[in-house]
Amino acid sequence: MNESKEFDSLVPAQAFDRRSFLVTSLGAGFALATLPVAAQTAIRTDAAGLLEGEVKVPVHDGAMVAYRAAPAGVARAPVVLLISEIFGVHEYIRDTARRLAKLGYFVVAPELFARQGDPRKIESVAEIIDRISSKTPDAEVMKDLDATVAWAAGQGADSARLAITGFCWGGRITWLYSAHNPGVKAGVAWYGRLVSPVNAYNPRHPIDLVGELRAPVLGLYGGVDTGIPVDTVDAMEAALKTGSPAARASQIHLYDNAPHAFHADYRPSYRKEEAEDGWRRMLDWFRQNGV
1 MNESKEFDSL VPAQAFDRRS FLVTSLGAGF ALATLPVAAQ TAIRTDAAGL LEGEVKVPVH
61 DGAMVAYRAA PAGVARAPVV LLISEIFGVH EYIRDTARRL AKLGYFVVAP ELFARQGDPR
121 KIESVAEIID RISSKTPDAE VMKDLDATVA WAAGQGADSA RLAITGFCWG GRITWLYSAH
181 NPGVKAGVAW YGRLVSPVNA YNPRHPIDLV GELRAPVLGL YGGVDTGIPV DTVDAMEAAL
241 KTGSPAARAS QIHLYDNAPH AFHADYRPSY RKEEAEDGWR RMLDWFRQNG V
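Residue numbers 1 to 291, in the UniProt record's numbering, belong to the letters of the sequence shown in order.
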């Protein structure tokens with residue numbers, strides 16, 4: 001797997017010296033910061049016919065907990081990395097993994113915040129950002145995702161057919177990993193931030209990496225997303241046209257009337273029509289790119 005030396009040189013050294021994981025089990029339910037859950041819209045997918053549950057993925061400094069869902073008895077299933085929002089691998093992410101597994105994918109959702117803390121147990125979004133998501137180095141995430149792909153291959157999945165998708169924080173990571181790993185065939189980024197201030201933990205952002213994209217990415221964005229201004233989406237779309245071959249093959253679809261988190265069926269931001277259309281586009285994107 002490709003190692004990002006530039007990320008490594010900019011991240012605080014202590015980020016790679018930790019030997020303890022603060023999250024060793026995923027538990028159950030939705031993140032506290034997302035409550036109350038909109039029960040009338042939240043999708044619930046059963047596990048019939050699936051091999052699913054918590055797993056431990058060996059990483060450079062120990063074992064990272066993750067959720068795995070895959071079709072039972074199916075060898076060489078294509079791999080999908082599923083990257084969470086800032087709320088971690090809570091029930092919405094696990095359910096999304098099961099939906100994809102029912103379609104034949106070997107899905108792994110790693111708890112990439114495992115060293116920083118458990119966002120599912122924090123009630124304040126601001127506190128999650130301050131304590132956990134903003135302190136999670138991009139370089140460490142890239143290493144953990146490389147390890148997750150290697151683990152999936154060791155379980156009999158077909159890592160030569162590799163896709164990545166993620167929501168919000170995970171949408172940004174989808175862009176980054178599609179530039180990092182030459183083995184990725186397709187990425188689908190749901191409302192991932194494209195432009196942000198640079199710091200030691202986040203030395204580069206998606207718009208900075210269009211010249212290095214190794215896999216085509218489909219970006220799904222909301223036209224009334226107050227956290228991701230449309231002008232940044234327009235800037236990314238323009239930048240892609242001058243980027244790498246994979247960047248030029250990438251696409252962005254803007255849902256004019258959709259807010260942030262329009263796929264999150266357990267939240268008031270959910271927009272059924274746009275969420276279902278985005279899901280169809282994601283699956284088509286995977287298939288078109290050999291996953």
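Hints in this document: simulated from the structure, not taken from any laboratory. Please note that the accuracy of each hint is not assured.
[What the hints assert, rightly or not] Cβ-Cβ distance ranges computed for the label pairs, FRET-style: (1) H253 with D208: 16 to 26 Å; (2) A200 with E273: 20 to 30 Å; (3) A238 with P197: 29 to 39 Å; (4) A160 with P36: 14 to 24 Å; (5) T242 with P58: 21 to 31 Å.
[Said to hold, decoys possible] Simulated crosslink set (DSS-like; lysine-lysine; CA at most 27 Å straight-line): (6) K102 with K241; (7) K56 with K135; (8) K135 with K102; (9) K56 with K121; (10) K121 with K135.
Quick reminder that beta carbons are idealized off the backbone N, C-alpha and C, glycines included.
Status of each hint after checking the structure:
1. The given range of 16 to 26 Å is respected by H253 and D208, whose C-beta atoms sit roughly 22 Å from each other.
2. About 41 Å separates the C-beta atoms of A200 and E273, a value inconsistent with the hinted range of 20 to 30 Å.
3. Judged by the Cβ atoms, the range 29 to 39 Å given for A238 and P197 is violated: they are separated by roughly 21 Å.
4. Range check, A160 to P36: about 43 Å between beta-carbon atoms, so the 14 to 24 Å window is missed.
5. In this structure the supplied range 21 to 31 Å is violated for T242 paired with P58, their Cβ-Cβ distance being about 39 Å.
6. Proximity of K102 to K241 is assessed by CA-CA distance (about 35 Å); at most 27 Å being required, the pair is judged violated.
7. At roughly 22 Å between alpha-carbon atoms, K56 and K135 fall within 27 Å of each other, so this suggested pair holds.
8. Straight-line distance between C-alpha atoms of K135 and K102 comes to about 34 Å, which puts the hinted pair past the 27 Å bound.
9. Restraint check for K56 and K121: the C-alpha separation of about 20 Å stays at or below 27 Å, so the hint holds.
10. Distance hint between K121 and K135 is fulfilled; the C-alpha atoms sit about 17 Å from each other, no more than 27 Å.
Going through the hint list in order, the structure does not satisfy hints 2, 3, 4, 5, 6, 8.
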